[in-house]
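*Asks:* Sequence:
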Amino acid sequence: MSQKYMLASCIALISVFQFAVAESPYRYFDWHVTYGHVYPLGVQQRGILINKQFPGPDIISVTNDNLVINVYNHLDEPFLISWDGIQQRKNSFEDGVYGTTCPIPPGRNITYKLQVKDQIGSYFYFPSTAFHKATGGFGGIRVLSRPLIPVPFPPPADDFTLLIGDWYKSDHQKLKATLDHGKRLHFPDGVHINGRRANDAVFTVQKGKTYRFRISNVGLQNTLNIRFQNHKMMLVEVEGTHTMQQLYSSLDVHVGQSYSVLVKADQDVQDYYIAVSTRFNDVIHTTTGIFHYQGSSRPVSGPPPGGPTTEIGWSLEQARTIRTNLTASGPRPNPQGSYHYGEIPLTRTIRLASSAGQVNGKQRYAVNSVSFVPADTPLKLADYFNIQGVFSVNSIPDHPTGKNMYLDTGVLGADYRTFIEIVFENKERIVQSWHIDGYNFFVVGMDGGKWSPEKRQQYNLHDAISRCTVQVYPRSWTAVYLSLDNVGMWNIRTQFWARQYLGEQLYLRVYTPSRSPRDEYPIPDNTLLCGRALK
Numbered sequence: 001m002s003q004k005y006m007l008a009s010c011i012a013l014i015s016v017f018q019f020a021v022a023e024s025p026y027r028y029f030d031w032h033v034t035y036g037h038v039y040p041l042g043v044q045q046r047g048i049l050i051n052k053q054f055p056g057p058d059i060i061s062v063t064n065d066n067l068v069i070n071v072y073n074h075l076d077e078p079f080l081i082s083w084d085g086i087q088q089r090k091n092s093f094e095d096g097v098y099g100t101t102c103p104i105p106p107g108r109n110i111t112y113k114l115q116v117k118d119q120i121g122s123y124f125y126f127p128s129t130a131f132h133k134a135t136g137g138f139g140g141i142r143v144l145s146r147p148l149i150p151v152p153f154p155p156p157a158d159d160f161t162l163l164i165g166d167w168y169k170s171d172h173q174k175l176k177a178t179l180d181h182g183k184r185l186h187f188p189d190g191v192h193i194n195g196r197r198a199n200d201a202v203f204t205v206q207k208g209k210t211y212r213f214r215i216s217n218v219g220l221q222n223t224l225n226i227r228f229q230n231h232k233m234m235l236v237e238v239e240g241t242h243t244m245q246q247l248y249s250s251l252d253v254h255v256g257q258s259y260s261v262l263v264k265a266d267q268d269v270q271d272y273y274i275a276v277s278t279r280f281n282d283v284i285h286t287t288t289g290i291f292h293y294q295g296s297s298r299p300v301s302g303p304p305p306g307g308p309t310t311e312i313g314w315s316l317e318q319a320r321t322i323r324t325n326l327t328a329s330g331p332r333p334n335p336q337g338s339y340h341y342g343e344i345p346l347t348r349t350i351r352l353a354s355s356a357g358q359v360n361g362k363q364r365y366a367v368n369s370v371s372f373v374p375a376d377t378p379l380k381l382a383d384y385f386n387i388q389g390v391f392s393v394n395s396i397p398d399h400p401t402g403k404n405m406y407l408d409t410g411v412l413g414a415d416y417r418t419f420i421e422i423v424f425e426n427k428e429r430i431v432q433s434w435h436i437d438g439y440n441f442f443v444v445g446m447d448g449g450k451w452s453p454e455k456r457q458q459y460n461l462h463d464a465i466s467r468c469t470v471q472v473y474p475r476s477w478t479a480v481y482l483s484l485d486n487v488g489m490w491n492i493r494t495q496f497w498a499r500q501y502l503g504e505q506l507y508l509r510v511y512t513p514s515r516s517p518r519d520e521y522p523i524p525d526n527t528l529l530c531g532r533a534l535k
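Residues in the sequence shown are numbered from 1 upward in steps of one, following this note's numbering.
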């Protein structure tokens, strides 16, 4: 064999080896979605199960892992799962909302191919079609740091998923029919912890050890407050960002949000309540789980610890204490504060105001007067295949206009690699909660009253928290900074699910003329087609 041939062979072998080593691990999941009996409020109901589990199984992964999730739909109607907080870098085809992905028909399956690229943290998944979120199909997502990346706290003795949410006793199809007839839903009937009735969710701990709880509000509309009786919670992470480690006796978790806290078992050996209550309403629902010390012979007794009820100012001040830990590493071995978001010039300000009203005698909700109506074809597919007439870019104004509410498929256009400000304005008497798919953003400011450019003087441009879901208090505003570094069609929505269903959402089309895989991945070869994309 010639030296030239041997050299070429060695180079080829080294290249293959480097590619194999460089590729991140794959994790495979087979999920079967069915109906089954659930008892979140102590009465039998029909719920959505994944692999016969309610809530569904946790997804446990590591930064940059590739997730291959094969979902079989055994329901009698189309179904989709969305991944709340997983950014789908360059891949909005897999986002799992109707604006980007065709629902899975009954008796069919689809394989989601996701990568938790440059992410860590606590998130959840949920069904995004119809009103399925009201009946289950949700579960926790953990993205762990790679072994060589330092985490700013010692490893906990155990790591628990704690899903909380409000709940209706009515079947999801009945709730959907109420909305389809243009009526509002009544207040939810109760609250659950991990889909279980009061005191059925038990977390066993050992005295002297510290435990991590990943708390996600997977409910439909209510802010929930959580307390661990006689124990403090140390906040350590919010939706992928390590936080300043502060202690809290109770914590407001707005609908759609996720938090990680550390709880040390430093009290007498007995059982303690984990209490969860609704907030900001005259009706207060409370449920409890059990913080069970191993070896305890003393069950919980008496009333659970009370929490705040309607104090907006208390919640606002707590929100302002949640800040980024600038000395901690994120998904990569560098401080999270190395990205100086406060020094980047803004190219655009978008103001989004919610409203409630009626269109053609039916209850609707809107953003900047546009009440969203789904198109007959997912917007991402229409954009990719250049199908005309499905949507129009900038069919929703980027600021409130004061016009009467009207129906349209609202899509905002934005340029790739720009840096923008979004101001969420809330003139109503309820707490709103807003989410942007595909992104984390910096929460630079929130306050009561009306926003104006002068409010920027009070922004936190140093250590604002980076997250994907943020609250807006009644008659208040919240401002976020967003780097548009993820090409695609991305859903911006209220997490108040009845309002989302009746129009309080829009899509942000982050555009580049390039068709390079460097900017956006090609359409997956297993993509389901529907609507006009079938022609």
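If you are wondering where the hints come from, they were derived from the structure by calculation, not from laboratory data.
Mixed in with the good hints there might be a few duds.
[To be verified] Computed list of lysine-lysine pairs in PhoX-like fashion (alpha-carbon distance at most 25 Å, straight line):
1) 403 <-> 183
2) 207 <-> 117
3) 52 <-> 113
4) 264 <-> 362
5) 183 <-> 427
6) 169 <-> 207
7) 362 <-> 169
8) 209 <-> 169
9) 174 <-> 207
10) 174 <-> 52
11) 174 <-> 450
12) 183 <-> 362
13) 450 <-> 176
14) 209 <-> 174
15) 90 <-> 52
16) 169 <-> 183
17) 209 <-> 183
18) 264 <-> 232
19) 183 <-> 207
20) 52 <-> 183
21) 176 <-> 209
22) 52 <-> 169
23) 207 <-> 176
*Asks:* Against this structure, judge whether each hint is valid.
*Replies:* Now for the hints, and whether the structure bears them out:
1. For the hint pairing residue 403 with residue 183, the CA-to-CA distance comes to about 23 Å; that is within 25 Å, so the pair holds.
2. With a C-alpha separation of about 37 Å, the suggested pairing of residue 207 with residue 117 is violated against the 25 Å cut-off.
3. Straight-line distance between C-alpha atoms of residue 52 and residue 113 comes to about 23 Å, which keeps the hinted pair within the 25 Å bound.
4. With a C-alpha separation of about 50 Å, the suggested pair residue 264 and residue 362 falls outside the 25 Å cut-off, and the hint is violated.
5. A distance of roughly 21 Å separates the Cα atoms of residue 183 and residue 427; the hinted pair therefore holds under the 25 Å criterion.
6. Under the criterion of a C-alpha separation no larger than 25 Å, the hint pairing residue 169 with residue 207 is inconsistent with the structure, at around 38 Å.
7. The straight-line distance between the Cα atoms of residue 362 and residue 169 is roughly 24 Å, inside the 25 Å bound, and the hint therefore holds.
8. The straight-line distance between the Cα atoms of residue 209 and residue 169 is roughly 38 Å, outside the 25 Å bound, and the hint therefore fails.
9. Of the supplied pair hints, the one linking residue 174 and residue 207 is violated, its CA atoms being roughly 46 Å apart against a limit of 25 Å.
10. Distance hint between residue 174 and residue 52 is fulfilled; the C-alpha atoms sit about 23 Å from each other, no more than 25 Å.
11. With a C-alpha separation of about 38 Å, the suggested pair residue 174 and residue 450 falls outside the 25 Å cut-off, and the hint is violated.
12. Between residue 183 and residue 362 the CA atoms are separated by roughly 7 Å; this keeps the pair inside 25 Å, and the hint holds.
13. For a cut-off of 25 Å, the pair hint linking residue 450 to residue 176 is broken: about 34 Å separates their Cα positions.
14. With a C-alpha separation of about 46 Å, the suggested pair residue 209 and residue 174 falls outside the 25 Å cut-off, and the hint is violated.
15. At roughly 33 Å between alpha-carbon atoms, residue 90 and residue 52 are farther apart than 25 Å, so this suggested pair is violated.
16. Between residue 169 and residue 183, the direct Cα distance comes to roughly 18 Å. Compliance with the 25 Å bound is thereby established for this hinted pair.
17. Using a Cα cut-off of 25 Å, the hinted pair residue 209 and residue 183 is violated, with the two alpha carbons roughly 50 Å apart.
18. Only pairs whose Cα atoms come within 25 Å are accepted, and residue 264 paired with residue 232 is accepted, the gap being roughly 8 Å.
19. For the hint pairing residue 183 with residue 207, the CA-to-CA distance comes to about 51 Å; that exceeds 25 Å, so the pair is violated.
20. For the hint pairing residue 52 with residue 183, the CA-to-CA distance comes to about 33 Å; that exceeds 25 Å, so the pair is violated.
21. Note on residue 176 and residue 209: the hinted pairing is violated, with a Cα-Cα distance of about 45 Å set against a maximum of 25 Å.
22. Distance hint between residue 52 and residue 169 is fulfilled; the C-alpha atoms sit about 20 Å from each other, no more than 25 Å.
23. Distance check on the hinted pair: residue 207 and residue 176 sit about 46 Å apart at the alpha-carbon level, beyond 25 Å; violated.
Going through the hint list in order, the structure does not satisfy hints 2, 4, 6, 8, 9, 11, 13, 14, 15, 17, 19, 20, 21 and 23.
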